[in-house]
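Engineer: Listed below, chain by chain, are the residues.
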Amino acid sequence: MLALEGLVSAALYLMSALVLGSLATAALVLPPGETPLRQRLLSLAAMFTAGFLLIAAAMLVVQGAKLSGGAMPSLDILGRYLMKTQSGNVWLWRELYGALLLALLVSFQKTGLSERAGRWMVLAAMPLAASRSLMSHAAAAREYPLAAIACDGIHLIVAALWAGGLPLLCWALSRGSRLATPPGWTGNLVARFSRLAFWSVALLVATGIYQSWIQLGSWSALLETAYGRILLLKLALFLMMLGFGALNRVFTLPDLIAAPHPAPFPRDAFQRIGAEAALAVVVFVVTGFLTILPPGAHSGHQFAAARRPGALQPADGAAIKILSPREGETFRSDEVPITFRLTAGRRGEHAHAYVDGELMGMFESESGTLTGIAPGHHRLELRVVAEDHQTELDASDAVHFVVK
Amino acid sequence: MSFKSLIAGSAIVLASALAPALLRAHAYPMVVVPADGAVLRDGPREIRIQFTEGIELEFSRIDVKNAAGEKMSVGNLRRIADDTVAVAVKALGPGAYRIEWQVLSVDTHVTDGVLRFTVSGGK
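Residue numbers (my numbering), protein chains in the order written: chain C, 1 to 404; chain E, 1001 to 1123.
Fair warning: there could be bad hints in the mix.
[What the hints assert, rightly or not] The following label-pair restraints were derived from C-beta to C-beta distances:
#1 E:1112 / C:246: 20 to 28 Å
#2 C:205 / E:1116: 42 to 50 Å
#3 C:99 / E:1066: 30 to 38 Å
#4 E:1066 / C:377: 28 to 36 Å
#5 C:143 / E:1112: 32 to 40 Å
#6 E:1100 / C:194: 54 to 62 Å
#7 E:1058 / C:205: 37 to 45 Å
#8 E:1100 / C:366: 31 to 39 Å
#9 E:1071 / C:239: 47 to 55 Å
#10 C:119 / E:1071: 33 to 41 Å
#11 C:357 / E:1071: 22 to 30 Å
#12 C:377 / E:1045: 51 to 59 Å
[Stated by the list, open to error] In silico DSSO-like pairs for lysine-lysine, Cα to Cα no more than 27 Å straight-line:
#13 C:321 / C:404
#14 C:84 / E:1071
#15 E:1065 / E:1090
#16 C:84 / C:110
#17 E:1071 / E:1090
#18 C:404 / E:1090
#19 C:66 / E:1065
#20 C:66 / E:1071
[Stated by the list, open to error] Per the computed footprint, the stretches of chain E lying under chain C, defined by three or more beta-carbons under 8 Å from a beta-carbon of chain C, are:
#21 1048-1056
#22 1062-1069
#23 1093-1107
These aren't lab readings, by the way, just hints derived from the structure by calculation. Positions of the beta carbon are idealized from the N, C-alpha and C atoms, including for glycine.
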């Protein structure tokens, strides 16, 4: 099931990237006036959008199978998933949006796509590529989930523009070499793509670093978790792609610009750009598997639930101070808001909250609410805990409070 | 390096990196009350689990069972926070209990697992 889910996930990534990549190539990369190629790219975009919708449907069946213990899901399961869960709602709305986009693309096939309309279609396809963020690890980020989702969405869009555009650039170069294109056409095409790729890669790196930081949680997770190892593989492939990209920018582009016209498209230049495009496809497959693995930041929880505290470990500079409740404070509901100031020291990372010696909550930010507290006198103790969620440090603070 | 060897190499690395993951479940209870393995003087009124991610109530469940396999939890799963759920339990006498949980997280992963605790009844 894991392998199937990974493959379907990868196919979905690839298809959404090709939708945006083909539209971006048609509207932003092709030099003005290339109507036949632009119309053909529009047809490809429509085909990729239809493919996206079909693969998303397959993804729904896989999700249903996960909810049915591996069996073929019933309509009831699929209906409940779509109507009553956040990720199901996202799937439903995305499918509707994709169908609308497909209808627009089909209508433009009949009427023709102006350059201005093409740019609007690029914008319209961006939410399709970014929507995956709403049901990704970013959506489950514990801190600043909106920032994580926005960052992931931008990451997906720029990845689609660059990596999704590369196979279409190859296609356009191949097609263009057979058409009566004006002098400098090939160089102009590659130069326009190169500009788009440059800014896409810059954003890709920035958002990728942020995503890796929040999903990995620690340097050790890079080697010790499956998520970290796949991320390293993706990074290695990305660097190879970047190498080919730099090679193409420094050598291939000037060669193409200087090439006499008309002349057959240089085979070695086509191979270099093709190599970058093929690597992009491999990166999408690897990313598909990344999405189904638990983020490295969660690896500490994988084998054991929270435990009773054992012997406290040396504080190593960690400290904690409860700011509220104040000593003796009274509350009139079973919800007790708490705020505190945590000094992490060398090993501290978050806090465990004990009420009358019983573990009642974990706080990664310096405020939160304890719920379900019974009426009576209670003792609240906060302890600083290491990143592994199990090592409690000799750094604690306690207050007494009353629930009436 | 040819592309065939590049893709084959990537597939091998992908497979070897994934191999341990295939053996693991996505099990992320972060805070469990009562804690896994706890020995309690009195039975708890409810079981509460805080997970590492937000939970979809629709496909999530927590069942508390006694040593005979009889279900001791009652009512529906209650959401306390996005990532925290609780279920009420009947009055529990001395004995060993299992907490069987399965959840659907907001990033579409289904995870499950078993936790245990014991009520000593003051003995």
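Engineer: Against each hint, give a clear statement of whether it holds in the structure.
Structural biologist: We went through each hint and held it up to the structure:
Range check, residue 1112 of chain E to residue 246 of chain C: Cβ separation about 47 Å, and the 20 to 28 Å hint is violated. Checked against the hint of 42 to 50 Å, the C-beta distance between residue 205 of chain C and residue 1116 of chain E comes to roughly 46 Å, which is consistent with it. Our hint of 30 to 38 Å for residue 99 of chain C and residue 1066 of chain E is violated, since their Cβ atoms are close to 51 Å apart. Take residue 1066 of chain E and residue 377 of chain C: their Cβ atoms lie about 32 Å apart, and the range 28 to 36 Å holds.
Taking the beta carbon of each, residue 143 of chain C and residue 1112 of chain E are about 26 Å apart, not inside 32 to 40 Å as hinted. Distance hint check for residue 1100 of chain E and residue 194 of chain C: the Cβ-Cβ separation is about 56 Å, which falls inside the suggested range of 54 to 62 Å. About 38 Å separates the C-beta atoms of residue 1058 of chain E and residue 205 of chain C, a value consistent with the hinted range of 37 to 45 Å. Restraint check, residue 1100 of chain E to residue 366 of chain C: a C-beta distance of roughly 34 Å satisfies the suggested window 31 to 39 Å.
The given range of 47 to 55 Å is respected by residue 1071 of chain E and residue 239 of chain C, whose C-beta atoms sit roughly 54 Å from each other. Taking 33 to 41 Å as the suggested C-beta distance range, the pair residue 119 of chain C and residue 1071 of chain E does not conform, at roughly 60 Å. Separation of residue 357 of chain C from residue 1071 of chain E is about 29 Å and conforms to the stated range, judged on CB atoms against 22 to 30 Å. For residue 377 of chain C and residue 1045 of chain E, the Cβ-Cβ distance of about 18 Å falls outside the hinted range of 51 to 59 Å, so the restraint is violated.
Straight-line distance between C-alpha atoms of residue 321 of chain C and residue 404 of chain C comes to about 25 Å, which keeps the hinted pair within the 27 Å bound. Note on residue 84 of chain C and residue 1071 of chain E: the hinted pairing holds, with a Cα-Cα distance of about 26 Å set against a maximum of 27 Å. A hinted pair counts as satisfied when its Cα atoms are at most 27 Å apart, and residue 1065 of chain E with residue 1090 of chain E qualifies at roughly 10 Å. Under the criterion of a C-alpha separation no larger than 27 Å, the hint pairing residue 84 of chain C with residue 110 of chain C is inconsistent with the structure, at around 39 Å.
As the CA atoms of residue 1071 of chain E and residue 1090 of chain E are separated by approximately 9 Å, the hinted pair is consistent with the 27 Å bound. Restraint check: the Cα-Cα separation between residue 404 of chain C and residue 1090 of chain E comes to about 25 Å, which is no more than 27 Å; the hinted pair holds. For the proposed pair residue 66 of chain C and residue 1065 of chain E, the alpha carbon gap of about 24 Å is at most 27 Å, so the pair holds. Between residue 66 of chain C and residue 1071 of chain E the CA atoms are separated by roughly 24 Å; this keeps the pair inside 27 Å, and the hint holds.
Counting residues of the segment 1048-1056 of chain E whose C-beta lies closer than 8 Å to any C-beta of chain C gives 7; at least three are required, and the coverage claim holds. Counting residues of the segment 1062-1069 of chain E whose CB falls under 8 Å from any CB of chain C gives 0; the rule of at least 3 is not met. With a cut-off of 8 Å between beta carbons, the segment 1093-1107 of chain E has 4 residues touching chain C; three or more are needed, and the interface restraint holds.
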